[in-house]
Amino acid sequence: MPVQVISGNYAQAYAAKLARVQVISAYPITPQTTIVEKLADFVASGELQAEYIKVESEHSAMQVCISAAGMGARTYTASSSQGLLLMHELLHWASGIRAPIVMGVANRAIAPPLSIWTDHSDTIAQRDTGWIQYYAESNQEVLDTALMAFRLAEHEDVRLPAMIAEDAFYLSHTVEPVDVPSQEEADAFLPPRKARDIVRPGEATRLGSYIGPDLYMEFRYKVARAMERVPATMAAVEHEYERITGRNHGGPLPLYRADDADAVLVTMGTATTTARSVVDALRARGEKVGLAKLRVFRPLPVHELRELARTVDRIGVLDRSYTGGLVGAAYSEVAGAMYHARERPMLQNFIAGLGGRDITPPMVEQMYRRLIGAGGSEVEWIGLKERKEVA
Amino acid sequence: MTSYETVEDLPEVCIATEPSDQIETASWRTMRPVIRLEACTKCNVCWKFCPDIAIAINEEGYPVVLLDYCKGCGICAEECKPRAIDMVKEG
Amino acid sequence: MARLTIPYEEYMRSGHAACPGCGATLAMRYLLKGIGRDAIVSIPACCWTVIGTPFPTTVLNVGMMDSAFEATGASISGLRAAADALKLEGVTIVGFAGDGGTVDIGLQALSGMLERRTDAIYVMYDNEAYMNTGVQRSGSTPRGARTSTTPITEFSRGKVERKKDIMAIVAAHEPAYAATVNVAFPEEFVKKVQKAKGIHGPRFFHALAPCPPGWGYSPEKSIEIGRLATDTNAFPLYEIEDGKYRITRKLGRAKPIEEYLKAQGRFGHLRPDEVASIQEEVDARWKRLLQLEALD
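Chains as they are written, first to last, in our numbering: chain P, 1 to 391; chain H, 1 to 91; chain G, 1 to 296.
For reference, chain P alone in the conformation it holds in the complex (with noise of 0.2 angstroms):
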């Protein structure tokens, strides 16, 4: 198992790539782009057989995909914030025909004005496509997470697309040392797809339709049973995942010494990092605090944070995104998880890191502080530049 120094970028078309995708769509988008250029160089060179199609937009992109998916075909693609928004139409058409298509974002803030730097707002945007969401800490967890969504969204229990979000340049450009698996690692864990429900030449299908309001919410509730079905079909894919490489990413809410925690930060992505080395400068301080990585969206692991408020009193979120509520999109997803636990912990939300607004160890720490202390307001911007008034 050779160890490559690669970006979080080569990371995922190295796992499109162990996959044997049949169809790759590509349109260049910072700082989605060394993805398809990497898949790029790997299909020209003939180290990857696939059809690599030159779309001239992202919301085709997504069209080829499914078109490909409906036919059979094992596809990939890769997008970001604008690009990402464009597909939007087509993101609910690929959970509609449940189409198991796999998709890299590197995740970008949303214009205007025009930011190339990170924020979950793109992929946030999209928590009502009906699509299986993960968000990465690292580039190693990256490729595995890309190569497991293939068999996940492709089982048959499943059948719904996939998107693996990165952070834009912590992840998609800074490199790290990936453990990459081999072909016949890849080979054994993913077999080829077994497509039903597709269009064959030959045959009088028609895959899409249209109809009435007699038998619309019934397809609907296809859709939400599937869902349903995730967690349990995942932890099988995750748990064969480690009997071939060893590797484990701990499910959909890894925690970090949260079991005897006062206070606990929810976090997305590359945030997750800083948040765990502050926890233990906390810890060395006798502050017990914990950390929860909210590593898959979508299915919200609502069962893994009622458990989680069972022992925690005090539960922050951390939204990477501002997406017009009146409080942060994971927050409210999570208070809403929460609503039903038996016991209801203390939430706060903290938004952060907008735009590629750095998230920094004192900015974490203030957000354990205000866990642990009283007060504050439900919902926080941590770190706006802002004109403070002096009382």
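In short, the hints are calculated from the structure, not lab data. Note that this is a predicted model, so its numbers are computed, not measured. Don't be surprised by glycine CBs; every beta carbon is placed ideally from N, CA and C. Any given hint could turn out to be false.
Calculated cross-link-like contacts (lysine-lysine; reagent style DSSO-like; alpha-carbon spacing at most 27 angstroms) [as the list claims (entries may be wrong)]: (1) G:Lys250 to H:Lys81; (2) G:Lys262 to G:Lys195; (3) H:Lys42 to G:Lys244; (4) H:Lys81 to G:Lys33; (5) G:Lys191 to H:Lys81.
Some chain P residues flagged as far from chain H (calculated, every beta-carbon gap over 12 angstroms) [unchecked claim]: (6) Arg20; (7) Glu47; (8) Gly70; (9) Pro112; (10) Asp157; (11) Arg196; (12) Ala204; (13) Gln366; (14) Gly375; (15) Lys385.
Got chain P sorted already, so can you dock chains H and G onto it with the hints?
Chains H and G only, in chain P's frame:
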């Protein structure tokens, strides 16, 4: 035709496989074509131009109107050169 | 079977939901007679979405896939990619989209498909407005036509702009083959499709599909109207192969455009001077087509 009434009846994906010709569009029409075979030259123009494929050709080469489907558009009567088709009021 | 001028075999069924006299249905019927069983047809939101009957039934006797409205060009690129990746032999990939879904919202994806040289056939069936949604004007609506968004009042005389020349746009992409076809001339329609089937690369058809409710005429006149469109030079029949233009139907003398216009309610408001102006436009376009044909 398979009955689709509950979520259990449905396929997992919205994929349609039943042929449409179980739908009879006869009730759409207010006029009906009547072919006078003695004037028919078996040119098959009526068959050729029917948007509903509601004219078949029998063994003898004569057109036969498929009354289950004919919507009474009148293209066959209009295009028939020997004027062998009359559009007659339904009912 | 005596005297059949087009193939007998059908690849679509009755029971569909098209209006009586629908030109778009005939366009699909003749297209499929030219291509046969191993076609996979991608359709966007358009009349054919609804003509194609609701779940669980399907009208076509070949594979069919629905796509997003603006994405037919991308959809067929995806289908072709899958067919190649899965090593499926002898599959003809077809996109079948309306005029709105091609010249307006679908133009980008069509351009992409042509530029990428996707091995597929794109058919634009042209009923000259957004018919499925109630006759709103599209870029393909001819000048002067009444539509629901270009009504006739003392201030508004129908569509102001000229019809987008989609064949010119397609020609600029240097397709492997492009042709206009008309449901009123099925023999030529089928022949051109059969020819295109044997050509590799991006192929395009502009198919005239007369629409009784949208154009304002009695359904039995659909073929007659289609015929008049070509015989007045409003819709010339020609093909482009390797950049070479060839007009495939030429009358000795074109009929006056007035015959075509007065047969349709959507042009019923036109004054003689407006008709004359349209005649000028038709003559100019025809002249230009003759010049293009004369080029080497």
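* To do: State the violated hints by number, sorted upward, taking the hints as numbered earlier in the document.
  => Per hint list: 2, 3, 8, 10, 11, 12 violated.
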